[in-house]
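Take a look at the letters that make up each chain.
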Amino acid sequence: MHLDVAFATLFDLLTTPRLLFLMAIAVPMGVFFGSTPGLGGKLGLVLLIPFVYNMDQLTGAVFLCAMHAVVHTGGSIPSILIGVPGDGPAAATALDGYAMTRKGEAGRALGASFGASTVGGLLGAMFLGLSLPILEPIILNFSPAEFFLLAILGITFIATLSGDSFVKGMIVGLFGLMCAFIGLDPSTGSPRFTFGQIWLWDGLSVIVAVLSMFAVPEMISLGVKGRAYDISAETAAKLQGSSPSAEPVSRKVTYAQIFQGMADVAHHKWLVLRCSLLVAAIGVIPGLGGDAAAWMAYGHTVQSSKHPERFGKGEVAGVIGAETGSCAKEAGSLLPTLFFGVPGSSGMAIMLGAFLMLGIQPGPTMLTEHVNIVWSLIWALVIANILAVIMLIAAGPWIGRLGTMKASFLIPYVLVFALLGCYLYGGIWQNLILVMVMGSLGYLFKRHDWPRAPFIIGVILGKIAEDSLQKAIGLFGASFFWRPISLILIAMILASVGFYLWRSRRSNKAVPSHA
Amino acid sequence: MLEGRILVSVIMLVAFAAAVGLAFTYAPEARFLPLVIGIPGLLFSVIQLIKELRERPEPVVTSEEQRREGRMFAWFIAFVGGLVLFGFPYAGPALVAAYLYFSGGERWYVALAAAVFAWAVLYGVFELFLGLPLFEGLVFQWIFG
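If you read the protein sequences in the order shown, they are chains C and H.
Read in my numbering, the first sequence has 433 at position 424, and its numbers run on one by one without any break.
Read in my numbering, the second sequence has 282 at position 59, and its numbers run on one by one without any break.
Because the hints were derived from the structure by calculation, they are not lab data.
This structure is a prediction, so every number in the text was calculated from the model and none was measured.
Glycine included, C-beta positions come from ideal geometry on N, C-alpha and C.
Where hints are given, some of them may not hold.
Said to hold, decoys possible - Short, incomplete list of chain C residues facing chain H, as computed with Cβ under 8 Å:
| # | residue |
| --- | --- |
| 1 | Y422 |
| 2 | L428 |
| 3 | W459 |
Claimed, not checked - Which chain C residues face chain H? A few, computed with CB under 10 Å, are given here:
| # | residue |
| --- | --- |
| 4 | K177 |
| 5 | M179 |
| 6 | Y432 |
| 7 | G436 |
| 8 | V444 |
| 9 | D458 |
Pulled out of the complex, with its shape left as it was, chain H reads as follows (with noise of 0.2 Å):
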């Protein structure tokens, strides 16, 4: 398996060479400054991954830390895709009590009062407030249209 370290180089070079690739394919106006900046991206790019290559293997991850980087990832995808779905005025309350909860170990009362002061942020602050109308989700979008 790639290193963290390399994954980050090799991340960068693919993302400057399909860059550099795709500003080609532009009028020549329009890729005048991408190819400015991507080229010598691309190289910077090549000269990090050779460095990063050559030098020593970092010291392996514990699979604690694994475990807790694999756990904080799955939390923060959850929160992007109940937003999506079921908005902020739902799911954001939603997600402070279950994070709470299950990761941060509370009483289900402290999370219970967590989620509403997460609520009464969103909608008082917010939605009555500031007059910003929050994002209701893609899933009651669609449902009520």
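So here's chain C without its partners, still in its complex pose (with noise of 0.2 Å):
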């Protein structure tokens, strides 16, 4: 265990005036993005990539770490407050906090919501940095051949999870590959798909891609819908029994209540080091993104319960078993992110595509010789979540003006920084038009639900799968597919197909065809 790094990083990150100011300014960004509802954590980093060009690995990467951690805490407010979840993950809390709200207990919901997922994000974080010494000799040992597999296995994780469609998935994952083939061969040097243009030899960057694929389709989305949140049909049926009404609900927020709230945790500490724990290990599966993570920790909260028949109509444990979910899986999302290359989920694809642009490159180096920087992002997690949860407590009772930006406002901003962020990767004013047309592409992704998350990770994936492979079959030839770790991995993959087929198998069983 790398203890004398681990204490060193925490000591430069609180001696460094310029981190914590940035750490500062991260934190309530994090949490209005994530409290204004139809924006999120995604948009979040979006917007912020411009800003960290200049920026050195560390300071670049800590700040849209400290960011990033905190979107969910920021996400329960507007689905307390108003029943609207401020992202996915924050629907699990809207079914308890919006019913606890409507008694008018909106203040110890979120008291119950904020000591929660503190605590489920320092939680996350200990986890984290606790298996670092039991993966380290795992990691180590990784070949190039099994860079290659599990650059497969991401992407078969990602398509097997990414909603409905495995075609689909696997569709847009391997159309992600084949743009990382865009620029010089790396074994002849020749261009492929390059059309003549010299400003695409040096390939598709991840920027454009991952700002294409996001920050386009959601604000031409925004622009259609007119408004930033759209409940779906899904969640509403959820909240069913705690959805808005017509009659006068009390939003006011004291902080008594507040603490009365944070008491709760603590009174319920052994659900959230359960929920936490879990939802931690759940976290490091590429694909289980905070929605499963979240509906997972709400489920075994109700399933633990001795009243099981309270959910639903304003029980605390609720909220404290979704909020810690959510907050905590953002660490364990991180580790196959930095280890592997492989993110997480697809707010961990987007930071992916930020740490590539910053120079930091996933894989055992990070243990080797980045260890520091994986240390300073323990760090960061715990220290924006502290932050946190200090500035929400403070805001207490005008918590509630939080997440009314009009949408009208956010579109011009987003789109300007967003095709900036574009031009500034590599000063090829070419990429703009080349967002113009994926834009597109995303939006007509999105509009017709197509997972867009698979083909982020394919674009990160094909350079290091290709890379692997050559490496893989320099080194031992076509029999690489015979080393141990080799034919786990292979076995991973047909497994994670196996259980697609299982599961779209029971599912069509279970729902008879109308057809």
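Starting from two chains that each stand alone, build the complex the way the hints lay out.
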């Protein structure tokens, strides 16, 4: 265990005013993005990418990580106060949180949410830190052969978990991989898919892919809807019984209520511990993003309660379980992102793109050469969560004003800064034209329920896969498939596809066809 | 007219077919992985297209929704076009103000204040503070060389 590095990085973070200042800016930004329904952390990351271009690796990574760490904390605010989830995972919080608001306990629900998300975030970070010495020998034993198979596994995982269509997920993931081949071929040096354009020789930038697939479609969609949020039918169904109603609801928040909610977290300490560890471990699996983690934690809370009938009607444990889950998984999903280059969630895919832009190359070198960055990110998660709870408690009675920004104000700024981010990457104006084409495709994906995260993951993993395959063949020949870890990874690839097929067959049986 | 969901499948099919076709023109080492990835992608695209063609037609999109989509795409193209032609320091604030005034329905002084804020961030933060030179646009490059 790198205890010396761990404490040295903490000391550096706490004694570097620039880093502390940036984290103090990043945290309210994260809360803002999380608390504004329809925006969320992915868009927050996208918007901040241009601002980290000139930062050094550590500063940029800590800034983005601190912002992303508290997005879910902010996401609980509109869930609790108006019954509209700020982001996907917050839908689980809305079930009991909004019911508490209707009972006049908004402050208590918010206090429980802040306390649970902070403790969840801290325990998740601890999980990541403590798992490093266990993972280190495994990661360092990975050869290029395993990294190639891991890239394929990453795509398969994301495709199997990307909604109801494995085929769509695979198409988008493979398309991302194909786009990663744009540029000069590493073995022959000949241009591929460049159409005679020299500016494409360096390949498709991950940042351009990220901004095209997330920022542009979200803004077009926001402009089309004309409002910042849209509760899905599924979420609305889950919120039945606690849905917004015409009857007057008191959203008054007092400090006493907030502290009462935080005391509830202490009262449910074992639940918080169980949910944190469960979800941090689940977060390691690529594709099981925040939504699944929050619902799993909520499900565990209901199952382990002596009074399951109270849930959905304003039970504070429901808020605690869901919030702990959605915040604890962030640290877990950082693990595959940093050490294998396989993002744990779509938010982490964007984060990985930003890391690559900053020159942070994921892989075993993160443990050998850049372990200080790993620990800085772990501490950034810890400090950001603590800062967030302090700021939110201080904001106390005025907190309801968060998340009320008009969509029309956001659209032009996000478009200008997203396009600026694309230009700044290499100073290539043609990237703006590329964004226009790919952003339109991204909107079509969004409009017709095609998953977009596999595209980003494909673009990121494509280069890793090609580089690793060439090295693996050079080192072991075609026999690299028979290495023990390779066989495990191949089994995992087959298992994930098999699991998908089994799941879809089961759901087909469960839902009789009306055709 | 093609339904949107079928259009997406067709786009993906054409993209993979073109990529696989192009890959065959490359040297054996250079075409290996593009073919390994492209051929399954092409097959999946065919499966998806068949699936889409066999599914029931999706509900008709209202003309109001189509109009809003068209308007947003027009704005998006205007943003890209404006920034490519006139650059970030000039077109950025102007586009922010124009969007807020014409599409957001804000008052002229609100739009103007938003434009000033955009200019302050673009020029102040990026040019002065971060030292990142902003693209000045093809028109200004052509005029001033």
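Now the hints, each set against the structure:
1. Y422: holds (7 Å)
2. L428: holds (6 Å)
3. W459: holds (6 Å)
4. K177: Check passed: Cβ of K177/C comes within 6 Å of chain H, closer than 10 Å.
5. M179: holds (5 Å)
6. Y432: holds (5 Å)
7. G436: holds (7 Å)
8. V444: Nearest chain H Cβ about 7 Å off; hint holds.
9. D458: Holds. Min distance 8 Å.
In the structure shown, no violation is registered for any of the earlier numbered hints.
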